[in-house]
Amino acid sequence: MPALLIKNGRVIDPNSDHDAVADVLITDGIITGVGQNLTAAGAEIFDATGMIVAPGFIDMHVHLREPGFEHSETIETGSRAAAAGGFTSICPMPNTAPVNDSKTVTTYIVERARRHAVVNVFPIGAITKGSAGEELAAIGSMKQAGAVAISDDGRPVMNARVMRRAMEFAKGFNIPVINHCEDLHLSAGGDMHEGLESVRLGLRGIPGVSEDVMVARDILLAELTGARYHVAHISSAHSVAMVAYAKARGLAVTAEATPHHLTLSDTDMTPYDSSFKMKPPLRSRKDVNGVVEGIVSGAVEVIATDHAPHPGDEKMQEFERCPFGILGLETAIGISLEQLVHNGKISLRRLVELFTVNPARVLGINRGTLAASAPGDVTVFSTDNEWTYDVNKSFSKSRNTPFDGKTFRGGPLATIVNGEIVWRA
Amino acid sequence: MRGLLDIESLTRPEIQAILDRARDFQVPPGQPVKRFDLLRGRMVVNLFYEASTRTRTSFEIAAKRLGCDAVSITAQASSVSKGESLVDTLNTLGAMRPDAVIMRHAASGAPHFLQRHLTFPIINAGDGTHEHPTQALLDARTILDRGAKLEGLRVAIIGDIAHSRVARSNVYLLSKYGADIILCGPPSLLPRELKDLAPGVTLTTDMNEAIRDADVIMMLRVQLERQHEAAFPASEYFPFYGLRLEHLKLAKPDVIVMHPGPINRGREIASEVADSQKSVILNQVENGISVRMAVLERVLGGEKNAGAAH
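As given, the protein sequences belong to chains F and V, one line each in that order. Following the numbering used here, the numbering of the first sequence begins with 1 at its first residue and continues without gaps. Following the numbering used here, the numbering of the second sequence begins with 426 at its first residue and continues without gaps.
In short, the hints are calculated from the structure, not lab data. Built from N, CA and C at the ideal position, the CB exists for glycine as well. No false leads were slipped in.
With the C-beta cut set under 10 Å, the calculated list includes, among others, these residues of chain V facing chain F: (1) L511; (2) H530; (3) L539.
Each pair of labels, with its calculated beta carbon distance range: (4) V:E439 with F:E386: 39 to 47 Å; (5) F:H185 with V:V458: 49 to 57 Å; (6) F:L184 with V:P457: 56 to 64 Å; (7) V:R522 with F:R399: 23 to 31 Å; (8) V:S510 with F:A188: 23 to 31 Å; (9) V:A573 with F:Y245: 51 to 59 Å; (10) V:R617 with F:S297: 28 to 36 Å.
Kindly produce the complete structure, drawing on both the sequences and the hints.
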């Protein structure tokens, strides 16, 4: 493989405290230099003049639907959507069929990814067998096979004792526990955020408190066990406050927010349009502001998409029958720039942290930096090119998004994985 | 052509036009039923995904009195039970070129979702726990028939508000006319957000407070089939939220008692109240037909030639 020399971009690598126009050289898939006027004989040149050059973005929360639901997405199509969204690494949740609760399934995903994925795939294993919430899964073996975290995403561990044991066990393997926080009794049957809008539309509500009580429980258990604990797709202002509290107590508690939860509230929904149906649901404007403030303050340190493809016929039904989830990979950078950077809430460097060094630290993977000898993963993006999202041109197999037709200022331009350009605009 | 999906999106003049026209279709006491030929050659489909005798029959009679053909399909007898999706069913019906589909469905928003994808108009005959627009229209017609004005009227709506599409539609309609609306029910069936549903709404869990000085009392049916949990102990319902004769003394002397039916005697309303002079429950049923005639005329229009090719 020839070397790749990315010339004259504004190189932002928070991990190396670098923010200046520079060249980045990747040789044999490894970062071999960041500096002025680099040269390399025979290297492929990528002119990044006027562009931002950052460490490869990591999305630590996606659903690739393989194995088991290949009509919605596959490792290949999901990875192509990731590349088109500027992501070089993605972490698929274990709610496949079979559930990724064993070394066998983890290995299958790793092998399929090695052959078919255009970006790095780091699987997340289940916490419990079948994600049934009862018996712990083979956490150690899954880690050996390549799992970087454990989660029963979508089927939260309701039994506090099981969660405690999972945290104790995970701590022994130094692997983070990620929870989709939702008390299933409080949210039972709900289809959207509980509030004036749900009352108005006659839809059953998912109260914010269904998230809050489980975040509270888990933070207490994280303190008890000393485990590394991560809140998936945080959506309520109360939960953000509790994560800040946990951090203030010095706990290893982290959180991620999705682009949609820092953008849309329940009042932004087109009534009964399932493109706006996901879990956690779009909450109140106060909650949206709380999540944004959590990112500004640092309580929430990761942006993850919860990319959740569903085929059209499943989303073309009565609202209450439609599955939860929307696409996310291809719009994440555009939305995040709009909601956080263009309005001056955070700096561009902070934005890069949210997508790179922070998720890498949460997961404990050697990615998210352009330091010498790091893997040659690079995301090239713009902060000002205007583009319009057309979901019919998506690389995903599915089309469920509320952002179709939306025009963005700034977005991905090229995605480089292990020294190879896998996508460019 | 516009259907009728809900009251919330109607303007007061639009509502008034329907109420005024419904009057023309009322049958004066002692006189024979008059037939109109306004919608001759037209065809509507009654598509009921939920059991309903009175609303379906009322729509059928309304259509027939206007000379319009009406075909009724119930979910159990159709391909729905064979697993066909709602969109496919409606597309199939659409290919048969109905002039409108009158639809009842257990899922809130089902007609709204469909209307975005279909060309023929849909008339909502009740969607889940969302709205039941023709019920609110017939209720308003019934109140007006008593010579009352809706402006400033004090209306108590009592029962399982959380799950009531009748309550929502009535709140929107009455609010557009500036009525005072008191919603009353067990706390777990009375979400506090309801007070922001529309101007003029207040909430109380105290039956006596709700009824005091009321001009109109609307009782709601206890909808056990929509309660997914025991939000209220069944044995506590009638003692605390059932309408009894003694309550009526608290209301205005000329108070009227309404109920969308079917009534559960001894559950939400005492028999003596249902059968009392104050009850206008049968007037509501009668007005159901005239209001639905006005709605059908409005949606289908009167001018098109019978049997014209589409």
